[in-house]
Amino acid sequence: MFKELNPLLHSELRLGIMSILISVEEADFVYIREKTGATAGNISVQIDKLSEAGYIEVSKGFLGKRTRTVCKITEKGVNAFEEYVEALKSYLDIKGL
Amino acid sequence: MNEEASLELISQMIRNTRRKLEDGNGISFLVWGYTTFVISLAVYFSIKATGDYHYNFLWFLTPVLGSIGMSIFKRNKTKHGGHAMNFIDRTIRNIWMVIGIAAFLTSVGASFVRFPILSVMLLLLGIGTALTGLTIKFKLVVISGFIGMLSCVVPFFINGYEQILVFGVICLIMMVIPGHILNYQGRRKNV
Numbered sequence: 001m002f003k004e005l006n007p008l009l010h011s012e013l014r015l016g017i018m019s020i021l022i023s024v025e026e027a028d029f030v031y032i033r034e035k036t037g038a039t040a041g042n043i044s045v046q047i048d049k050l051s052e053a054g055y056i057e058v059s060k061g062f063l064g065k066r067t068r069t070v071c072k073i074t075e076k077g078v079n080a081f082e083e084y085v086e087a088l089k090s091y092l093d094i095k096g097l
Numbered sequence: 098m099n100e101e102a103s104l105e106l107i108s109q110m111i112r113n114t115r116r117k118l119e120d121g122n123g124i125s126f127l128v129w130g131y132t133t134f135v136i137s138l139a140v141y142f143s144i145k146a147t148g149d150y151h152y153n154f155l156w157f158l159t160p161v162l163g164s165i166g167m168s169i170f171k172r173n174k175t176k177h178g179g180h181a182m183n184f185i186d187r188t189i190r191n192i193w194m195v196i197g198i199a200a201f202l203t204s205v206g207a208s209f210v211r212f213p214i215l216s217v218m219l220l221l222l223g224i225g226t227a228l229t230g231l232t233i234k235f236k237l238v239v240i241s242g243f244i245g246m247l248s249c250v251v252p253f254f255i256n257g258y259e260q261i262l263v264f265g266v267i268c269l270i271m272m273v274i275p276g277h278i279l280n281y282q283g284r285r286k287n288v
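Just so you know, the sequences run in chain order A and B. At position 40 of the first sequence (counting the first as 1) the number is 40 in our numbering, and the numbers step up by one without a gap. At position 177 of the second sequence (counting the first as 1) the number is 274 in our numbering, and the numbers step up by one without a gap.
This is chain A alone, in the form it adopts within the complex (with noise of 0.2 Å):
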């Protein structure tokens, strides 16, 4: 039977977020920019929405004169992402793949 989809997660830039994001105790948003390859703007839309989610913590700070915003997923988050991940292995298993 197939499980639900997170739909917070199933958006391509927030997957890719939280992959990144899953795989490192904490990376910043230029890191996520460059990973990405997605805009700024767009970057800081979906980052404020796993924040308000609670999937991710984002702290602000700065780093010589610029500001830096440090981005680190939590365990509700991780908990998301590995029950995405079960979601999708049903699909697969489903279609034999």
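No wet-lab data here; the hints were simulated from the structure. Accuracy of the hints is not assured; some may be wrong.
Unchecked claim - Here are the simulated DSBU-like cross-link-like pairs (lysine-lysine), alpha carbons at most 30 Å apart as the crow flies:
(1) B/Lys176 <-> A/Lys60
(2) B/Lys176 <-> A/Lys72
(3) B/Lys176 <-> A/Lys65
(4) B/Lys174 <-> A/Lys60
(5) B/Lys176 <-> A/Lys49
(6) B/Lys171 <-> A/Lys65
(7) B/Lys174 <-> A/Lys65
(8) A/Lys72 <-> B/Lys234
(9) A/Lys49 <-> B/Lys174
(10) B/Lys171 <-> A/Lys72
(11) B/Lys171 <-> A/Lys60
(12) A/Lys89 <-> A/Lys72
(13) A/Lys72 <-> B/Lys174
Place chain B on chain A using the hints.
For chain B alone, kept in the frame of chain A given last:
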């Protein structure tokens, strides 16, 4: 976005992140290795030229110059590629923080009490190098670390200030050579 595309995106992002973190692993070895070598040359030639052992205080420039070099490298890296830290990065940072503090405290102690400081330093640097090698699973770095530890007996066989010169050369072999090889391998993986 379909299910296959989701899965491909996840694995691609994780793969890219791993590659990115491997890049530049050798820089810290190069910065600290070259800094220690240059300072040891400066101490050796200053003492040889003047006979004044107070030039030993030049050793305290090592953490200053090394930290400046590391912060320049980190700033450039962060500016262009952003910053990310995983468990391995944090472990290596903590290993060298402990080694650095131990080395500094030992050096301060050596200003008051005479003991074979260069041997202790080689032992500490060797331990740090071997632990780093084991953490990043890179045999050459592990071997370099153990060679460094073993070489802590070398200064006992050398008389006078030539010990300083030998210490610098051992640091060069223990840290700079693995640093260049690590960087070369990192670059090759990213091609």
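Checking each numbered hint in turn, tell me which of them this model violates, lowest number first. none
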